[in-house]
Amino acid sequence: MIKPLVHINHLTFAWEDEPVLEDVDLKIFEDNFIGMTGPNGGGKTTLIKAILGLVSPRSGRIYYREDLPRKKRPIGYLPQIKHLDRKFPITVLDVVRSGSLMRNIPFRSRSEEKKKAERLLEETGAENLKKKPVGELSGGEMQRVFLCRALISDPRLLILDEPGTYVDNRFEKELFEKLKELNEKMAILVVSHNTAMLDRYAKTMVSVNRQLRHLPSGITGRVADGIL
Amino acid sequence: MEFFELFTYGFFRNALLTALFASISGGIIGTYVVTRRIVFISGGITHASFGGIGLAFLLGFDPLLGATLFALLSALGIQFFSHRMDIREDSAIAIWWSLGMALGIIFVFLTPGYTPNLMSYLFGNILTVTRKELWMMLALLLILLGVFTLFFRKILYLSFDEEFARASGLPVSLINYLMIILVSLVVVLNIRTVGIILVLALLTIPQATANLFTKDYRKMMLLSVLTGMAGTISGLVISFYLDIPSGATIIFMLILLFGFTRTVKLRIWRKLQLR
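First to last, the protein sequences are chains A and B. For the working numbering, count along the first sequence from 1 and bump the result up by 5. For the working numbering, count along the second sequence from 1 and bump the result up by 1.
These are calculated hints, taken from the structure and not from any lab test. Hints are not guaranteed to be accurate.
If you anchor each label on the Cβ, the simulated ranges turn out as follows [said to hold, decoys possible]:
hint : chain 1 : residue 1 : chain 2 : residue 2 : range
1    : B       : Phe5      : A       : Glu117    : 51 to 59 Å
2    : A       : Glu128    : B       : Glu90     : 26 to 34 Å
3    : B       : Arg263    : A       : His198    : 38 to 46 Å
4    : B       : Gln274    : A       : Asp90     : 24 to 32 Å
5    : A       : Pro24     : B       : Lys220    : 47 to 55 Å
6    : B       : Thr131    : A       : Glu123    : 46 to 54 Å
7    : A       : Glu182    : B       : Phe41     : 42 to 50 Å
8    : A       : Glu117    : B       : Met120    : 55 to 63 Å
Bear in mind that the values here come from a model prediction, so they are computed numbers and not experimental data. All C-beta atoms, glycine included, are put in the ideal place defined by N, C-alpha and C.
Use the sequences and the hints to build the structure in full.
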């Protein structure tokens, strides 16, 4: 049997006494493209942070496959960009490179790592932003740059938290096309409120509102299920 | 006194070296302080160190040692209060800030007799910096340069996005503690330069000036150091000739430099845009 990359087992999480997640079960396999939706404050971001090891659950456990060791865990992460300090003096190229250095990816040389960062920017159509301070980017440009940061470490799983905010429809569609392409090499977990987009691109869909539910795919399926 | 004759005096050469060391250490660690937005924490640490100076007066040991103890204690105390005891960070800062000041005042009051050097710790006196203090400043400066050369990228990335750094497996808490200790040490050793009340300016105003011209972390550090040098050295010379307090003059020059460059920059900017 194929082992999942990540196996979330009966996970429960609470802030103080406020329950956020209850008895959540989820397996993420290598070829998965999971769309995650649900109301604001429903616990989506907390679940992501638990997978990334940023918060520890009250009970339950998350198991990682052996090739995802605790240190240098190859999980790419694109956070909600609204939390970032736009006044911070850092250039786009440095932001992208930050994705590899902290993981100690054994690049043979610094120039090799730099070249990879430049290549990634080129592939996402952002090579002209290289020297720009991060505070001067538009929402769409910001998402591109942070996608490159997540990709430089060659992750096995890519997690994106609401990449559709602050960008227009055209860019969001481009992004999902890119994710579809990336899905050939890695598992994808994307949080979005745009269920139409998720319907089109995600292979499976879950909704998180304290509990996690697997949704039938397609709008018709959900209408039949009485969810919409 | 002739301008160049000044440099033949040992005390003035010491003061000049102090100004240089202060600019370099303040420029580097200040860039960290400003970009991480821990200016208020640094202010708390600075003022809390007064408690240690008071204790040293009372018990008769080196005031800088006392200041170091209290600075480190408050730095760790603020972290502990806000992370482990769930007290709002700015409240934690206020508690340690005022605790240090209050204890300092009580200790100084209890110290028998007159405390002649007290003013030089509150307001600084760069002309009375001793050789031993200069050596300590140099040692700290070398440590600082070493840390920033070896770990520059980690410091930069962690400062920019702490959560991402944590998710990537970087020992974030350890580095945070190490950096706040460095901030404390730079603060304490510069108390003699400009005094407790003004030391925060050395870590923030050169950065504000530098930030007018660059949005790159490395260049911001370098420009802050240069701006700091211009302000501290000109302030030192001016205070000497006008016979006014050196610490206050240095800070005034730094602010003047900020105001001047900002105005000039905006003027030139507007002209270029009108063209």
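Here is how each hint holds up against the structure:
| no. | hint | verdict |
| --- | --- | --- |
| 1 | Phe5(B) to Glu117(A): 51 to 59 Å | holds, 53 Å |
| 2 | Glu128(A) to Glu90(B): 26 to 34 Å | violated, 40 Å |
| 3 | Arg263(B) to His198(A): 38 to 46 Å | holds, 42 Å |
| 4 | Gln274(B) to Asp90(A): 24 to 32 Å | holds, 27 Å |
| 5 | Pro24(A) to Lys220(B): 47 to 55 Å | holds, 48 Å |
| 6 | Thr131(B) to Glu123(A): 46 to 54 Å | holds, 52 Å |
| 7 | Glu182(A) to Phe41(B): 42 to 50 Å | holds, 45 Å |
| 8 | Glu117(A) to Met120(B): 55 to 63 Å | holds, 57 Å |
In summary, the one numbered hint that this structure violates is 2.
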